[in-house]
Every structure is written in C-alpha cells, then in structure tokens.
Amino acid sequence: MYSRYACRVTVGLDRAFLAQHSSAVDEGVEERVFPLPIGTDRCFALFHRPTGELREPAFVSCHSYGDDLLNLRRIDRGLARTLAHLGHPVLSFNRRGFGDSTGSLEDATAARQVEDVEVAARWLAEETGVVGLGLIGARFGGLIAGLVARTGGVDSLLLVNPTLRGTQYFRHMMRLMQTMEVVGVNVAGRTPSRRGLRDELREAGMLDLAGYPVYRDLYDELEHVDLSADMGRFRGRALVLQATRASSLPADVVRFRERVEAAGGTCRAEVVPEPDRFSFGEKSYQSNEDDTRRIDVQEPLIERLNALAAEWVSG
Amino acid sequence: MTFEEFPVFVPAAGERLCSIVCAPEGEMRDVGVLLLTGANMTRTHRNGMWVRAARALAGEGFPSIRFDYHGNGDSTGTAVFDLEQPFDQDVNAVADFLRRATGVSHLAIVATCFGARTAMAAAAQRSDVVLLTLFPTPLLPRRQHAVRTRVRKRMWRTRWGGAVLRNPLLLRVRRQVARRRGARSGSVSRRAIEDLTAFARRGRLRFIYGRSVSYLGELRTALAAIERNLAPDERRNIHLELVDGVELHRFATLQEQEIAIAQAVAGVREAYEALPQRGVGAIAERAGAVDAS
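Quick mapping for you: the protein sequence lines, in order, are chains H and L. All residue numbers for the first sequence refer to the working numbering, where the first residue is 36 and numbers rise by one. All residue numbers for the second sequence refer to the working numbering, where the first residue is -14 and numbers rise by one.
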C-alpha cells in the first residue's frame, strides 16, 4: 500500500523531503508555497513566478473574508495563474489571523491588514526585482486592496465585485446569517435583526456571524470608508469586473470609476454575466436536491474573468 | 509556538494537492492525523477550524496534514464531488506523504461530510488507519427520477425557473423532501456499508453527530446493517456520540467548531493511548450535551 515512497522507520520530521515538495513548475510558471514571515508570525504564501522574462507590474493578491476565503479561492488563483502566464509574478498570501497563517483575527485591524499587504509587496519587489506593483482583490479583498492603493505606490488594481464601502461587507454577512436562520441552519439559535446584530457587536466587542468572528475594532475602522468617494493617492490603471445578473454596473462602481479617472488614472469597469447556476460568492460545487453529487458551476465565470484580466493587463 | 507548519504540494494521480503538514516542535507521537473537509471547503475548513485542530493536535504531539482536494482551493485538477465515488485516491496520496514526511506508522482520519465518505473509502483499503472520527455525512444512495430530472433541466433554461431552483429556502425544502423520500425507502449507500464494515473489523470508528442533524436517521439504519455483518467483539469498535443543541454539520457557529476540534483531539488521544490494543465494549451510544470549554 505504501509503495509511493520508501518507508522510514523512525518517527521524526524529514525536512529535506518536505522542502522537495514545496514547489512545482508547469506551463512556464513555478508555483511555490512557503511561510512568509510578517512580524513574529508566519503567513501562508503561494508565489506564482513566471520561468521566463518578468513583466511589470508584479501583483499581490488580497483575499476576502469569511466564507469568501473558501468560495473565491479558485477565482483568486485563476487570476494569479493567468497573470503569471503573461509574465507577471503574483504573490497570494493569507494575512495574519486568516487562513493558514498564524496570528489572531482579533488583532487583524484594517490598519494591520494594510501593513501585511505592504510587507508582502516589499518581499515581492525584493524577490523579483520588478518595480511596479499591482493588487488583486475580490469582495472584501478589493476593499483591502483599495485601502493600500490609497496610500500610494500602487500602479494597478484588479478588482472583482469589490466592496467599496466599509461596512457593506459586514451587512452582507449579516444578511447571509439571516438567510441561514430562515432556512433552518443553526446560527446560535436566535433570529437576528441587523440592528440587533450591530448593537450586539458594539456591546460584546465581537459577533459570531455564521461561524466567523467579526470584531468591533475592524467594524469601527471601516464604518466610514468609501473608496468610491476617496481613492487618495491612487492614479494608476484599474479594472473592475462586476459579476452580476444585472445589465448595468452598481452605482458605487460607477462612482469609483469616475473618481479614479478624475484623479488622472484610468478605470475600465465591466459587467460580467453570471452563469446560470451560480451567483458570485456562492460555493463552487453545487447540486440540486440530489445531495449525492456536486458539479463545478463556477468554472465558466473563472474563465471569463481570466480572459478579461488577460486582455486588460496586456493592453 | 508548539508547532511548525510546512506548506507542500502532494502529488496525486497527476495533480498537485496543496497541503499543510503541521508537526509538533517537541516529541512526536506515532499517530499522524488527516483532516478532511466537505466538498466545498478548502483545507482550513470553516473559520480555520482544521487549522486550529491541527495546532491543538501538535500541542499533544500528533502531526497532521490538511489539504485541498483536487479541483479545489490551491490544488490543480477538475472535480465532480460524488458521494458514491469519493476521493480516496487523494487521501491515499496524502496519507502516504504524511507517513513519509514524519515516519509515523499509524494514522487517524477526522472528517466532515463528503470527507467522511472519502475517509470511509480510504480507511477500508488501508491497514494503518487506527481511528476514524466522522461528523455527519449523507448516507442515502443516489436516486434519480427521470421526470423530475427533465423538469429541472427545462427550468434551468428559463430565468424564473433558474431563480426558483437557486432560491436557498426552496432548495432546502426540496432537499428535505428528497431526504424524507429517500429515508422512507429504508436504504442506505451500499458502498458506505461495505467501507464501514471493512474498517470496523480492525479500527476504531467514532461517529460524532448533533442530535438534531437530519443525517442521524440514515446513520442508525447504516449501523444496524453494519452490526449484522460484524462479530460481537468487532461491534465494540463502533461508537456513536450524540451532542445536544447542535448539528455539527455546517459548523456555522464558533461553539460547533470548538466542539469539533475538542472531539478530534480527544479521539486521537484515546486511540493513541489504546495502541497496540483496540477498544472493548458494545457499540456505545453516549447522549447529552458536550462541554465545549
């Protein structure tokens, strides 16, 4: 049964063996996984490095929050691989307190999350020598990317269904929790109103939103953030892809585009039709009432997003 | 820190499974743990539940590995998640890798939902798995109804039909109706029965179910079928623990996540302490609230 590897007798770590399996190359891109040190923490990182000539800018991918961290992972990874195949190095990583990284989510204030992205960007610049910096972000990841871009030093933004107003995302999570409650999923045995949830957050300092803790400090920091009104020092190129069933862009995306262009940047914003059985942010694999089988319903959207991103970055 | 983590790619049937090996910093005990998720979960599970479990296990000296199935998360490949064709190839690859990386000779698998079906299939094939800790999983066989399938296909082609089929409340109702229809038939997956029976003959099998979870009825049906195929001393390998007030399926509360982590660690500890002999006692069902603190 264990023919895959020669079996060892002694219990103990084989670091050389583990190191041998930390990277792989295919189709002109090396994928390497490693722990990225940030402060005293170690953050999971996945680096897509083109094996050929490197192009500017290099990108840092900023993940979302909550279930999005799981459900949008393939979208994030698809964009990373697409850009890497075109010569752009891409670093994806879990900020401190998220995913496989160490650190406390309670300490993951917006300011600290911005700092984490900046550390990752410096690592990327040192590792590759590529000068220009781009950021990728979907949903809450788009908000974090935008906050970093506002401080300057960012040349490109690739955003997918970005959260542009600070508490918009948490309101979305509260709505999700209310939906789960209605359909009978146990979410701490109460029927929450959104106002009630906000009050609970303020009093208790933390809210269990469908199994994800949201902390008051983060909520307060983001309450008045509106990227559609203020993009600070960002003057670069932006692409906003909005997966939706609507035929037009949301008003805040239109405002965001106008804001970027008024500041001297460029912004292309596109509606991307959602596939039949899939809404953005939902699970990748879905079934009908037959619980025994789930198929990929996200792939058509991933392909479309990748194609648009490739077109934009090459333009 | 009491642990050290190593992100790796595990080769599996031509694909790469992005995995994290979590190893204790001090002495390592001779049981490696595989942490398996449901179909749509990535290796961390909901809110990093398996990350916390892995680190808690490392704190007690147990190395572990958590991974993304092929076609999911940071792994390569494409996938169809079919309970009747679980991903035992992925698990066997990851299990062999953990053994090679750490030198452990015994394995324990902790799994939720689709992961539980996959765990059953892999454990049935391996002689090094000493423990399965399984959280609720569907056990009904697949039932297809030609007319219903045709109607659904036509509905997907229309805007209103798609909206109806996507509606989460209606979907849940439809699933509950389908489950009741399936449960009335009294049948459970033959494959699941075979896998569980094969494993229960030599390994410790723990089911940790919320008392209110909808999958409990079909589990009881499955256990009755398995019991008929086992000798009396083999039946003692099976334990069903019911937890009040929770489902332990979606892990949509911090409380449920803490219960799962505590149960995962407790089970591995017990299994380790029971080596080289394994469990005595009848199929034991323990009821009541579990203190997650």
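Since the hints were made in silico from the structure, they are not lab data. Ideal Cβ positions, reconstructed from N, Cα and C, are used throughout, including at glycine. Heads up, a few of these hints could be off.
Here are the computed distance ranges between Cβ atoms for each label pair [claimed, not checked]:
id : chain 1 : residue 1 : chain 2 : residue 2 : range
1  : H       : Glu65     : L       : Arg187    : 40 to 48 Å
2  : L       : Gln70     : H       : Ser139    : 34 to 42 Å
3  : H       : Glu161    : L       : Glu12     : 36 to 44 Å
4  : H       : Glu91     : L       : Arg187    : 54 to 62 Å
5  : L       : Arg135    : H       : Pro310    : 34 to 42 Å
6  : L       : Glu12     : H       : Ser139    : 47 to 55 Å
7  : H       : Gly63     : L       : Ala209    : 29 to 37 Å
8  : H       : Arg230    : L       : Asp218    : 55 to 63 Å
9  : H       : Glu65     : L       : Gln70     : 38 to 46 Å
10 : H       : Glu161    : L       : Ser197    : 25 to 33 Å
11 : H       : Ala281    : L       : Thr63     : 27 to 35 Å
12 : L       : Arg187    : H       : Arg50     : 46 to 54 Å
13 : L       : Pro217    : H       : Pro310    : 20 to 28 Å
14 : L       : Gln70     : H       : Arg185    : 33 to 41 Å
Residues from chain H that face chain L, not an exhaustive set, calculated with beta carbons under 8 Å [stated by the list, open to error]:
id : residue
15 : Asp49
16 : Ser57
17 : Val68
18 : Phe69
19 : Arg84
20 : Ala143
21 : Arg147
22 : Ala239
23 : Asp243
24 : Gly246
25 : Val249
26 : Asp265
27 : Arg303
28 : Val307
29 : Ser314
30 : Lys318
Any CB of chain L closer than 8 Å to the CB of Gly246 (chain H)? 4 Å, holds
Would the hint on Arg147 (chain H) stand, with a C-beta cut-off of 8 Å toward chain L? 17 Å, violated
Closer than 8 Å between Cβ atoms is the bar; does Ser314 (chain H) clear it against chain L? Give me holds or violated. Nearest chain L Cβ about 7 Å off; hint holds.
Hint Asp49 (chain H) vs chain L: min CB-CB distance below 8 Å? Since the shortest Cβ distance to chain L is 6 Å, the answer is holds.
Satisfaction of the hinted span 25 to 33 Å by the C-beta atoms belonging to Glu161 (chain H) and Ser197 (chain L): Roughly 53 Å apart at Cβ, these two residues miss the hinted range, so it is violated.
A range of 38 to 46 Å was offered for this pair. Does it hold for the Cβ distance of Glu65 (chain H) and Gln70 (chain L)? Violated, since Glu65 (chain H) and Gln70 (chain L) (Cβ atoms, about 32 Å apart) do not stay within the stated range.
Could you tell me whether the CB distance from Arg230 (chain H) to Asp218 (chain L) stays inside 55 to 63 Å? 59 Å, holds
Given a hint of 36 to 44 Å, does the C-beta separation of Glu161 (chain H) and Glu12 (chain L) actually sit inside it? Since Glu161 (chain H) and Glu12 (chain L) have Cβ atoms about 37 Å apart, the given range 36 to 44 Å holds.
Does Val307 (chain H) meet its interface restraint, that is, does its C-beta lie within less than 8 Å of any C-beta in chain L? Result: violated, 17 Å to nearest chain L Cβ.
Can the suggested window of 29 to 37 Å be confirmed for the beta-carbon pair Gly63 (chain H) and Ala209 (chain L)? 56 Å, violated
Indicate whether the distance between the beta carbons of Glu12 (chain L) and Ser139 (chain H) respects the range 47 to 55 Å. 27 Å, violated
Cβ separation of Pro217 (chain L) and Pro310 (chain H), checked against the hinted range 20 to 28 Å: Violated, since Pro217 (chain L) and Pro310 (chain H) (Cβ atoms, about 54 Å apart) do not stay within the stated range.
Taken one by one, the earlier hints fail for this structure at numbers 5, 6, 7, 9, 10, 12, 13, 14, 19, 20, 21, 22, 25, 26, 27, 28, listed in ascending order.
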